[in-house]
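Based on the provided sequences and hints, a complete structural model is requested.
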Amino acid sequence: GAVVSQHPSWVICKSGTSVKIECRSLDFQATTMFWYRQFPKQSLMLMATSNEGSKATYEQGVEKDKFLINHASLTLSTLTVTSAHPEDSSFYICSARKHTNPQPQHFGDGTRLSIL
Amino acid sequence: GENVEQHPSTLSVQEGDSAVIKCTYSDSASNYFPWYKQELGKRPQLIIDIRSNVGEKKDQRIAVTLNKTAKHFSLHITETQPEDSAVYFCAAGMNSGGSNYKLTFGKGTLLTVNP
Chain U
1 GAVVSQHPSW
11 VICKSGTSVK
21 IECRSLDFQA
31 TTMFWYRQFP
41 KQSLMLMATS
51 NEGSKATYEQ
61 GVEKDKFLIN
71 HASLTLSTLT
81 VTSAHPEDSS
91 FYICSARKHT
101 NPQPQHFGDG
111 TRLSIL
Chain Z
1 GENVEQHPST
11 LSVQEGDSAV
21 IKCTYSDSAS
31 NYFPWYKQEL
41 GKRPQLIIDI
51 RSNVGEKKDQ
61 RIAVTLNKTA
71 KHFSLHITET
81 QPEDSAVYFC
91 AAGMNSGGSN
101 YKLTFGKGTL
111 LTVNP
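In the order they appear, the protein sequences are chains U and Z. Position 105 of the first sequence, counted from 1, bears residue number 105 in this note's numbering, the numbering being contiguous throughout. Position 89 of the second sequence, counted from 1, bears residue number 89 in this note's numbering, the numbering being contiguous throughout.
What the hints contain is simulated information worked out from the structure, not anything from laboratory work. Among the hints, a few may not be true.
Claimed, not checked - Under the rule of at most 30 angstroms between Cα atoms (straight-line distance), these lysine-lysine pairs were calculated in the DSBU-like manner:
#, chain 1, residue 1, chain 2, residue 2
1, U, K41, Z, K22
2, Z, K71, Z, K107
3, U, K66, U, K14
4, Z, K42, U, K55
5, Z, K42, U, K20
6, Z, K71, U, K66
Okay, here's the thing in structure tokens:
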């Protein structure tokens, strides 16, 4: 199998707080992980591609200083939403892929972030 | 960049009927086409995928077809069951530079199977 674990599943916090979300591949090594944002009843919008040991590649319009990504090992990537505001409230989902192209992406359970 | 269009946005069928969801893509460099099923509040789950060197792939009640010339691919679900009700996303995958390989998703189709 290819299991991806995402934590936490739900976060509620005050405006101005920074929130860290973890994405782990449990039974395989993921050289690449992806972070998506999904608004209610909408599609998955790619925010950034995270490669182990190098800087993340951000999609156009995504603020890299706002959404900090770290991929320090082959099984862990983190997304930190810095100084979160209500407009950052969303469903954030990570996915991981084994090294060979093309390969399926396997998704975590997602994190529902609510900023008050 | 790649653009993926998905139709219809909603689809309602009777149990036992077939359901077809269609997607088109814009960039001929795309070479991998997965389909994901997402139930409410849950993770997208890969249900089938197809690579550009294949025209059709089938897995039990699910099949996907790819027409590279027309740049469109379709998902076919036969003998639908209520548990097939979910949002289905198509995606097109391509190398985006260096070692980056990314998926562009369609907007999704809400499939409802009525008992």
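Here is what the structure says about each hint:
Taken as a hint, the K41/U and K22/Z pair is honoured in the structure, with Cα atoms around 18 angstroms apart against an allowance of 30 angstroms. Between K71/Z and K107/Z, the direct Cα distance comes to roughly 17 angstroms. Compliance with the 30 angstroms bound is thereby established for this hinted pair. Under the criterion of a C-alpha separation no larger than 30 angstroms, the hint pairing K66/U with K14/U is consistent with the structure, at around 16 angstroms. The hinted pair formed by K42/Z and K55/U meets the criterion: a straight-line CA distance of about 29 angstroms does not exceed 30 angstroms.
Between the alpha carbons of K42/Z and K20/U the distance comes to roughly 20 angstroms, so the proposed pair stays at or under 30 angstroms and holds. Of the pairs offered as hints, the one joining K71/Z and K66/U is violated, with about 36 angstroms between alpha carbons and a cut-off of 30 angstroms exceeded.
Hint compliance for this structure: hint 6 is the single one not met.
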